[in-house]
Every structure is written in C-alpha cells, then in structure tokens.
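*Asks:* Sequence:
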Amino acid sequence: MINGDLSARLAGARGRLIIELSCAVTGWGGQVPEDSGVAELADLLDGAAANLHDVTRSGTRAELALAVGHLRAADRLGGLLPAVTLWHLRQALQRAATLPDSGEPTIAAGVPASQTC
82 MINGDLSARL
92 AGARGRLIIE
102 LSCAVTGWGG
112 QVPEDSGVAE
122 LADLLDGAAA
132 NLHDVTRSGT
142 RAELALAVGH
152 LRAADRLGGL
162 LPAVTLWHLR
172 QALQRAATLP
182 DSGEPTIAAG
192 VPASQTC
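If you want our numbering, it's the 1-based position in the sequence shown plus 81.
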C-alpha cells in the first residue's frame, strides 16, 4: 500500500523533526515540556527571540522570528498537507539550530544551564 507507506514515513520524519526542534529550543533556553507540540515550540522560540535585545543579535532575532513563523505555519496546517508541514518544520529547524553560538543563550527560570539534548 503506497499511501500507507508514505504516511508512515512522513509521520516518522515529523516525529524526528519535533525532537530536533525541541533540542534547538532547549539550546535557546526554553524549557520544553514532554510530548510538546509545534505551537508550544513556536511560543518558546518566540520567547527566546524576544529576549535578544542586543543590537548585535538582531540578525539572530530575525532568524528566530522566521523559525517561529514556519512553526506557526506547520501548526496551522496540522495533518492536512503533511509534506508541506514537514517543509515548514525543516525550515524552522534550519533557522533555529544552525545559528551561530549566541555566547550565552537566554536560560528560562529553573532550567539548569547544563541541560542539553
């Protein structure tokens, strides 16, 4: 069954991207809840971007804002267009996870700095 195989592959890819995005969000100081959703990740990344006030980090803030936009688009699509949703998730991950080291990422209250994925 071709459609069943495709659906299973897309669901697996979505799950892996969510895990990688969770790690990226954790790297930016977000406290990611277990079994987080795309909207929760967008909110956490949006909070990290809002906390970057330094002028030298405006490019980083802009990239994080783009990542948030892609996460919000993926959330709106839900399961309607899985391939398009995956594209948005990959774009968000590409922007959030490959940014240059911010030096000292914003750490959410109560999150140990040593917590990494």
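One should not assume that every hint holds.
Here are the computed distance ranges between Cβ atoms for each label pair [what the hints assert, rightly or not]:
(1) L147 x L91: 30 to 40 angstroms
(2) C198 x G160: 43 to 53 angstroms
(3) L87 x G118: 20 to 30 angstroms
(4) L147 x C104: 12 to 22 angstroms
What the hints contain is simulated information worked out from the structure, not anything from laboratory work.
Even glycine gets a Cβ: it sits at the ideal position worked out from N, Cα and C.
*Asks:* Taking the hints in turn, state whether each one holds.
*Replies:* Hint check results:
Checked against the hint of 30 to 40 angstroms, the pair L147 and L91 fails, with Cβ atoms roughly 23 angstroms apart. For the pair C198 and G160, the beta carbons lie near 25 angstroms from each other, so the given range of 43 to 53 angstroms is not met. Take L87 and G118: their Cβ atoms lie about 23 angstroms apart, and the range 20 to 30 angstroms holds. For L147 and C104, the hinted distance range of 12 to 22 angstroms is satisfied, since their beta carbons lie about 18 angstroms from each other.
Hints 1, 2, counting from the list given before, are not met by this structure.
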